[in-house]
Amino acid sequence: MAEKQHLYLVDGSAYIFRAYHRLPPLTNPEGTPVGAVYGYTTMLWKLAEDLDKAEGPTHLAVILDKSSRSFRNEIYSEYKAHRPDPPEDLVPQFPLIRDATRAFSLPCIEEPDVEADDMIATYARAAQRQGWDVTIVSSDKDLMQLVGEVDGARIDMLDTMKNARIYIDEVEEKFGVPPEKVGDVLALMGDSVDNIPGIFGVGPKTASKLIAEHGDLTAALDAAEGMKKSKLKERLIEHRADAELSRVLLTLKEDCALPQPLEDFRLDGVPPEPLAKFLETHGFASLLRRLDAGTGSPDKPNDLNPAKADNKGADASPDGNSQPLPEWPDVDRSTYECVQTLERLEHWIERAFAARLVAFDTETSDLDCMLCDLVGFSLALGPNDACYVPLAHGTGDMFDEKPEQIARETALAAIKPLLESDAVLKVGQNIKYDLNVLARHGIHVAPIHDTMVISFAMDAGREESGIGGGHGMDELAERHLGHTCLKFKDICGTGKKAIPFGQVPLDKATEYAAEDADVTWRLYQHLHRRLPLEGATRIYERVDRPLIPVVAGIEREGIKVDRAALSRLSEQFAETTARIEKEIHAEAGEEFTIGSPKQLGDVLFEKMGYKGGKKGKSGQYSTDQSVLEKLSQQGATIADKVLEYRQLSKLKSTYTDALQQAINPNTSRVHTSYSLVGAQTGRLSSTDPNLQNIPIRTEIGREIRKAFVPDDGNVLLAADYSQIELRLAAHMADVPQLKEAFEAGEDIHARTAKEMYGEVDRDTRAKAKTINFAILYGISRWGLAGRLGVEPDEAQEVIDTYFKRFPGIQNYIHQTLETVRAKGYSETLFGRKTWFPRINSKNQAERQGSERAAINAPIQGTSADIIKRAMTRMLPALAEAGLPDVRMLLQVHDELVFELPEGDVEAASPVIEKVMAEAALPAVELSVPLGIEIGTGASWDAAH
DNA sequence: CGGATCACG
DNA sequence: GACGTACGTGATCCGA
Numbered sequence: 001m002a003e004k005q006h007l008y009l010v011d012g013s014a015y016i017f018r019a020y021h022r023l024p025p026l027t028n029p030e031g032t033p034v035g036a037v038y039g040y041t042t043m044l045w046k047l048a049e050d051l052d053k054a055e056g057p058t059h060l061a062v063i064l065d066k067s068s069r070s071f072r073n074e075i076y077s078e079y080k081a082h083r084p085d086p087p088e089d090l091v092p093q094f095p096l097i098r099d100a101t102r103a104f105s106l107p108c109i110e111e112p113d114v115e116a117d118d119m120i121a122t123y124a125r126a127a128q129r130q131g132w133d134v135t136i137v138s139s140d141k142d143l144m145q146l147v148g149e150v151d152g153a154r155i156d157m158l159d160t161m162k163n164a165r166i167y168i169d170e171v172e173e174k175f176g177v178p179p180e181k182v183g184d185v186l187a188l189m190g191d192s193v194d195n196i197p198g199i200f201g202v203g204p205k206t207a208s209k210l211i212a213e214h215g216d217l218t219a220a221l222d223a224a225e226g227m228k229k230s231k232l233k234e235r236l237i238e239h240r241a242d243a244e245l246s247r248v249l250l251t252l253k254e255d256c257a258l259p260q261p262l263e264d265f266r267l268d269g270v271p272p273e274p275l276a277k278f279l280e281t282h283g284f285a286s287l288l289r290r291l292d293a294g295t296g297s298p299d300k301p302n303d304l305n306p307a308k309a310d311n312k313g314a315d316a317s318p319d320g321n322s323q324p325l326p327e328w329p330d331v332d333r334s335t336y337e338c339v340q341t342l343e344r345l346e347h348w349i350e351r352a353f354a355a356r357l358v359a360f361d362t363e364t365s366d367l368d369c370m371l372c373d374l375v376g377f378s379l380a381l382g383p384n385d386a387c388y389v390p391l392a393h394g395t396g397d398m399f400d401e402k403p404e405q406i407a408r409e410t411a412l413a414a415i416k417p418l419l420e421s422d423a424v425l426k427v428g429q430n431i432k433y434d435l436n437v438l439a440r441h442g443i444h445v446a447p448i449h450d451t452m453v454i455s456f457a458m459d460a461g462r463e464e465s466g467i468g469g470g471h472g473m474d475e476l477a478e479r480h481l482g483h484t485c486l487k488f489k490d491i492c493g494t495g496k497k498a499i500p501f502g503q504v505p506l507d508k509a510t511e512y513a514a515e516d517a518d519v520t521w522r523l524y525q526h527l528h529r530r531l532p533l534e535g536a537t538r539i540y541e542r543v544d545r546p547l548i549p550v551v552a553g554i555e556r557e558g559i560k561v562d563r564a565a566l567s568r569l570s571e572q573f574a575e576t577t578a579r580i581e582k583e584i585h586a587e588a589g590e591e592f593t594i595g596s597p598k599q600l601g602d603v604l605f606e607k608m609g610y611k612g613g614k615k616g617k618s619g620q621y622s623t624d625q626s627v628l629e630k631l632s633q634q635g636a637t638i639a640d641k642v643l644e645y646r647q648l649s650k651l652k653s654t655y656t657d658a659l660q661q662a663i664n665p666n667t668s669r670v671h672t673s674y675s676l677v678g679a680q681t682g683r684l685s686s687t688d689p690n691l692q693n694i695p696i697r698t699e700i701g702r703e704i705r706k707a708f709v710p711d712d713g714n715v716l717l718a719a720d721y722s723q724i725e726l727r728l729a730a731h732m733a734d735v736p737q738l739k740e741a742f743e744a745g746e747d748i749h750a751r752t753a754k755e756m757y758g759e760v761d762r763d764t765r766a767k768a769k770t771i772n773f774a775i776l777y778g779i780s781r782w783g784l785a786g787r788l789g790v791e792p793d794e795a796q797e798v799i800d801t802y803f804k805r806f807p808g809i810q811n812y813i814h815q816t817l818e819t820v821r822a823k824g825y826s827e828t829l830f831g832r833k834t835w836f837p838r839i840n841s842k843n844q845a846e847r848q849g850s851e852r853a854a855i856n857a858p859i860q861g862t863s864a865d866i867i868k869r870a871m872t873r874m875l876p877a878l879a880e881a882g883l884p885d886v887r888m889l890l891q892v893h894d895e896l897v898f899e900l901p902e903g904d905v906e907a908a909s910p911v912i913e914k915v916m917a918e919a920a921l922p923a924v925e926l927s928v929p930l931g932i933e934i935g936t937g938a939s940w941d942a943a944h
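Here full-length UniProt numbering is used: the first sequence runs in plain steps of one and ends on residue 944.
FYI, nobody ran anything at the bench for these hints, they're computed from the structure. A quick note: this is a predicted structure, and the numbers were derived from the prediction, not measured. C-beta atoms are modelled at their ideal positions from N, C-alpha and C, and glycine is treated no differently. Careful: at least some of the hints might be erroneous.
Claimed, not checked - Distance condition first, Cα-Cα at most 30 Å in a straight line; then the derived DSS-like pairs of lysine-lysine:
no., residue 1, residue 2
1, Lys497, Lys162
2, Lys611, Lys598
3, Lys205, Lys231
4, Lys582, Lys560
5, Lys739, Lys650
6, Lys630, Lys228
7, Lys611, Lys231
8, Lys66, Lys205
9, Lys769, Lys46
10, Lys253, Lys229
11, Lys487, Lys598
12, Lys630, Lys162
13, Lys229, Lys46
14, Lys205, Lys652
15, Lys739, Lys706
16, Lys582, Lys615
17, Lys769, Lys739
18, Lys231, Lys4
19, Lys842, Lys66
20, Lys402, Lys277
21, Lys228, Lys209
22, Lys706, Lys652
23, Lys231, Lys209
24, Lys231, Lys53
25, Lys46, Lys162
26, Lys598, Lys582
27, Lys174, Lys582
28, Lys4, Lys80
To be verified - Label pairs and their calculated CB-CB ranges:
no., residue 1, residue 2, range
29, Ala658, Glu575, 16 to 22 Å
30, Ala658, Gly535, 28 to 34 Å
31, Arg847, Gly612, 27 to 33 Å
32, His585, Glu180, 29 to 35 Å
33, Lys497, His214, 47 to 53 Å
34, Gln572, Ala219, 55 to 61 Å
35, Glu743, Gly612, 44 to 50 Å
36, Leu232, Asp624, 36 to 42 Å
37, Gln572, Glu906, 16 to 22 Å
38, Ala658, Glu797, 57 to 63 Å
39, Gln260, Asp624, 54 to 60 Å
40, His214, Ala750, 39 to 45 Å
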């Protein structure tokens, strides 16, 4: 019986355009741009690796566009007429795509005057007729027409960037119709990229609705006559011919002449020699190493290879620069040692002292570093030179005998001098976690490095090919080392079946844990040497690195909450919501789930017939606050009740219930976890629980703040930067009036109103405040119009006036955008970079989104830098002032919260104020003062 | 697991 | 030509 054949057809031309935009501008050793080629090569690599898999290819061909002309141009001269020329650094990569394909010894089809889509369609159908399965490697929506099954032979698609299979369900999800109707939908929508007209004013939603309702294009167009009068009806009738032409243009030609028979596409593995040569030529060193490892040929031992030391080829691994990677052996988990005796541990410690740098990782029973038990730690001193030291394995529900291991206190006592030694750098990935675990055992690890934080300092906002832009170890290992780490899930399982790490057998545990340390060591070597090249040393060394132990300390302090008060609030909220729920149901005349926006929308806008319902992307009515407030103004009392219900259930579930649960049983306090890499701008973020969004804006919300309290005899002190972002904007954009106003301690929004309108009253001040924020967030006339409740034209006038009064602002925005477009990143006053890979996107919404974020990032980021510097200096300054009992508890972006003995308030306040006010110095001298507001009280609420 | 909603700066 | 409209976050709930 013949095995099932499976043909993969790779849409090469479409791929490289996407790869080009998603990858950094790498160059090969000769200076030729190769970013897209690199992406293409890794994609072919992945496909080739699937060769042996059940759903993998037996046959494969790459289809390229030879020219963009085809029979469609004969029918419609405007077809693809307005396509811009490809970017100039993509042009030289086209021929290299062919080279790459040949390097993999794969067939490559290019026919003059035939579009790749038609060739793909032809081959796909030909294979399907022979009973083969077909996978089209593309995400082109035109090709989705082909998806489906004929006589057991199926055609599907694979989007390698999203690693997603596209089959009938996915197509239906995207277009709302089955694959064979996609052409009809597209004919209505049109396609600006290919210049297919469609029907003016008809977008994807309308198009798919029309086709779904009427069955096909002709039926939909015929039905127009019978529709009730509307813009849509007019358009369908008027532009019928456009839609019909579009339908013809969108029909794939499935009967092209086949330049090569299908059988020629059989895959017989990839001969390594031509591929190696290609990878070498273009400096794809990380792939080259994987090739060497994969073939395992005896003349290339899988070890440090001095013969390769003369390889000067720049490594175009996707780092955004051409930093050569040191030649390391591939990760080999079989080399790791499981350390089970004190003698062996002492040996490792001795070697670590000699190495002066050790990568370090703790393994624990829980993700919460304030609750977990330490079950082991791992060390790495070089590539494949790593060990795992189990301390508490097999003590859980396991029936096996407890394995031999060093007693925890003995091992910790042995390693404490190493971890605390000034002479040895301790490197971790998210080392803040390990700092906290060990601090609970009386070990204060220093000095430290953190690969996650180093990565963030260089690459915040950068995205790479299909891997994402994160700073987690697995991602960093993939991106920089081309290595796939063992996944925690695979070791411990997931969900209910998950086991704690302490119950993982020692051989598996050693592979996983020591690999973490090994990979951390490698990442450190790689990332740390990139720091100066990326201009990121200053921000890392002066701001982010010194902050790590400070934030760890804050997390360990935690904050006391009044459980009884929260519990009372929970009860009160439960009673009130129950009452309101009944009232809402009564008013609606039926019981439904108020918390379901879908059900609520149907009740309000369908059943009760209220107007003003707007459906969003998902086809659901929006029922958010602004919508409900409008309904309320129309006299819908149910809207007010829903608003109140929403508010109270939010407060209950997110705060009064959750905070009680978050109280640590050992410390009786709530310990948040701050992410040092959470926000692209450099801000911290807070999780588990988030203590940066505790309510303050409403009276009832502030009840929750009252539950944040000091220990007996202490008070809480809240110190916040007043209007720091506007102050920074005034400085950075050099706006004399605003600087003066800040200097004089004026009300800044009032001053803006005076400048804008000549007079200050409630109304003009409120407008000015809105405009000031609009500026900070990157302005659009439509956005501002919405906020001010005026027409976009009027909003534009307001913006014009603002720019005229404050030309520095306009200049700042212009300069910032120019720089970001040219360099790809923005910078804070302290040199923190945030990358904006979509700033030059052809997609307008995407591009404009990036522009707004880019305008805001230097301001928000500088503010973050400043408060971080203040935090780092704070406790030493207080200790210096003889105030060692002041504890720093929280950071909320522009606010620091302290707990201190009542008697210390008077002495501590000026110290805190001074540290915060002078935090930019000496690196940056601001032309505006930083105003600090300080309050104290018996609760966080009272401290404001 | 993504979308909708809403809490904060 | 259509899109969707203020920046940055995280938690919760619903419903597929």
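Checklist entry - Failing hints, ascending? => result Hint check: 4, 5, 8, 9, 10, 11, 12, 13, 14, 15, 18, 20, 24, 27, 28, 30, 32, 36, 37, 38, 40 fail, others pass.
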